[in-house]
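2 protein chains.
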Amino acid sequence: MSSQKPSIPKGTRDFIPTEMVRRNFIFDNIRKVFQSSGYVPIETPAMENLSTLMGKYGEEGDKLLFKILNSGNYLSGIRDAGYGMRDGGWEMPELNTYTRHIAEKGLRYDLTVPFARFVVQHQHELVFPFKRYQIQPVWRADRPQKGRYREFFQCDVDVIGSNSLLNEVELIQIIDSVFIRLDIKVVVKLNNRKILAGIAEAIGAPEKLTDITVAIDKLDKIGLEKVSEELETKGLSGDSVRLLVPIMTMEGRIQEKREMLDNLFVNSETGKKGLEEISEVMLHLKNLELQNKFEFDLSLARGLNYYTGTIIEVKAAEVTMGSLCGGGRYDNLTGIFGLPDMSGVGISFGADRIYDVMEELRLFPESIESTTKLLILNFGKDEEKYGLQLLAALRKSEISSEIYPEASKLKKQMEYANRKNIPFVVFAGQNEISAGKLTLKDMRSGEQKPVTPDELKNILSK
Amino acid sequence: MSSQKPSIPKGTRDFIPTEMVRRNFIFDNIRKVFQSSGYVPIETPAMENLSTLMGKYGEEGDKLLFKILNSGNYLSGIRDAGYGMRDGGWEMPELNTYTRHIAEKGLRYDLTVPFARFVVQHQHELVFPFKRYQIQPVWRADRPQKGRYREFFQCDVDVIGSNSLLNEVELIQIIDSVFIRLDIKVVVKLNNRKILAGIAEAIGAPEKLTDITVAIDKLDKIGLEKVSEELETKGLSGDSVRLLVPIMTMEGRIQEKREMLDNLFVNSETGKKGLEEISEVMLHLKNLELQNKFEFDLSLARGLNYYTGTIIEVKAAEVTMGSLCGGGRYDNLTGIFGLPDMSGVGISFGADRIYDVMEELRLFPESIESTTKLLILNFGKDEEKYGLQLLAALRKSEISSEIYPEASKLKKQMEYANRKNIPFVVFAGQNEISAGKLTLKDMRSGEQKPVTPDELKNILSK
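Chains as they are written, first to last, in this note's numbering: chain A, 563 to 1024; chain B, 563 to 1024.
It cannot be assumed that every hint is accurate.
Because identical chains share one entry, a pair is satisfied inside a single copy or across any pair of copies.
What the hints assert, rightly or not - List of simulated lysine-lysine pairs, DSSO-like, C-alpha gap at most 27 Å:
hint, residue 1, residue 2
1, K618, K567
2, K848, K958
3, K999, K1011
4, K971, K1003
5, K1024, K958
6, K958, K594
Rather than coming from a laboratory, the hints here were simulated on the basis of the structure.
Put together the whole structure using the sequences plus the hints.
Pasting the structure below:
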């Protein structure tokens, strides 16, 4: 076999150890918060049937699904379907139809659709309200660019089977706790789809709710003027747009917004309901004295059209970055799989963006870089036996420790310790072993002192 | 959209929470042992270029790779290659050639080849000897059957860049520690490929080493007679087979085996080297007083042909089950990617089989089933506010706790606690709240007692 220059598919990543310990720091903290609130883990397979995935993410989404070639002789499926059997040449078949004959499975695109499928499929094994979290990779055949990958992790947490707004409150508490642990200051933006529906009614365009939310969702990116243009091309009247603009851009305190909306919603039951819901959620949050700010943001829309109530988005307070977390309430996610009337609410943390913020603000604690606490230097065959026994005792106490596997030059062994950020090395040569006193060197201060094996264990346990 | 009955691709699995906590119990214990021995984590993408994967697992393996359809209009690749353009009908193209035009990526088949690719690609970022672990799913388009899945997890741990036999010793210690933690009694079987090579020389068939190892590897499954037949069909002479059989089936103590081999290897340097290696490893192991048994097993071969030294396989001592862990030393794994002379040694734990053994022997601790420690019963809006504040305090101390999200009938709330294995519920109604004494109920004993919030926290912290 001739040697080949190794590479990986574009948009995918390897994670080297220094990246992994940082990523795990994020995942571990998120997981601890999820667990302390009584959420339980599930996992679903990387591959789903394409029938489960197709049509759930819009036409664009269907194109971005990674599809898996059927195993065995998939070509017989093509022949049986009549492709390539015509006389006089072969016309290019229609892509989607052709694909259907050679690919039945695809990689999951997000964790939401698999979760809905899971809830329906396992409904009799689950305890409702079902509080689950799921931390797994997803795949999208998007054009790779800075900060956008074809394989990335989502950390989703949802409650399904309960209408109570306490669930919204709990999820926002989770957001607060996660970002306190990670030491990132954030702002939690809140809105409610029923308020947006009420506004659509009030400006005389109730049937345009989806177009309005999709357009508003871009307000941050493309600005007010372009959003107005887009709305007019979508068939919203000039009058409606003129009524909408001041509502979306209204500044001021919550009380003022509420009064404005109260007036606007005199004839909209949906709008009133939305306003009640957000008021209740915000009152609870106020009582809980969260450390991070939360605010009612009328311009928050979130593009996904399965949301029906509260919507949530989290931004870093100190750096400019897309949202670090987002979600909302959905009333009928499981309906497409045959289980109607299951209201749920959930949020998703974006591990990659959180990583980038923590890098930029240098928030990763230095201690996580030292994965090994102690290196025993190797002086040769005679000393190895002692070293191995010492190691066994340390490891039993979960002290991460190593012996250098060869009796190489001391300089090389020390360099290994330095490059691996190991804070302590121990010299255990014949003299030290017979005296029962090893020499412990602190790699940062350079200080050396004699210690017994028990003292060594105590120092490293700290 | 009409509703569809949900399902997942055959050979794949969902994991419900009770399965997840058990799987995590296994993974967490394995991970702790890896970390305490100074191994650091890496991850590689699910998709690799097919050029990285093809040809590494034999012809059969190539067929079992899941291949991913190129995104965009992959059909133009087919047309450009001239397929389907002939007059007078379309002949079935050759499958592999056709596939090459429509699929460039595949799902990883194991963690070993991606690891070799990773080491070569990142060699300048890594510290050698490089001690890494990797716990990720792999995919194989195998025929699904009991205990065999198309998506399953591997837990690999390897040292690369060191010839020292201390690495072998460390890995066997890791095996011992993992199975002590999981409370599974195992037998660690050891052999050395150099010994097998020495035997092949001694019976006059040095060029048949691969056939011999492949055949011997099946000894457990198909028995001695069939193995002998297979060897003869592979071209081994009757004399050679007759010499081989008593060696492979020799019972007795290590010392006797060693003497027999010493005689056999008078003219085989390779055989002598193998015998030296295994003796050194076993001497170290004896000094370390492992809790699990280890034995020199001449019939251990392991099918993979990249092994060049020590080979290791672990069987459960108390149930009949395939191997729970296996591995060995390889001298040239990274050679195919352009980095020769990197010796390494590694083992892989099979999480699914370990799970099955633990289920069969009922080894999962009961405590892991109680993911939530406390449920606060919900008596209505007025009490919710108090409940939420109590929860915030408990969760800050990492006590996993919940409030039932609705003021449903008490029976329903209690049933939720029971079904979710929550060991304690607390009654916090108006009277309890104003008296500062909540009623705590132990769901197992049925016992109830009044507690202050501080007492509650102390009880649950235990």
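Each hint tested on the structure:
1. For a Cα distance limit of 27 Å, the shortest separation of K618 from K567 across copies, 15 Å, qualifies, whereas the shortest one inside one copy, 39 Å, does not.
2. Taking the shortest Cα distances, K848 and K958 sit within 27 Å of each other only across copies (18 Å), while inside one copy they are farther apart (47 Å).
3. Within a single copy, K999 and K1011 get their C-alpha atoms as close as 9 Å, which meets the 27 Å cut-off; across copies the closest is 54 Å, which misses it.
4. Proximity of K971 to K1003 under the C-alpha cut-off of 27 Å is restricted to the intra-copy arrangement: shortest distance 17 Å within a copy versus 64 Å between copies.
5. In the homo-oligomer, the alpha carbons of K1024 and K958 lie at most 27 Å apart both inside one protomer (15 Å) and across protomers (23 Å), since each shortest distance falls under that limit.
6. Taking the shortest Cα distances, K958 and K594 sit within 27 Å of each other both inside one copy (25 Å) and across copies (10 Å).
This entry satisfies every hint, going by the numbered hints stated previously.
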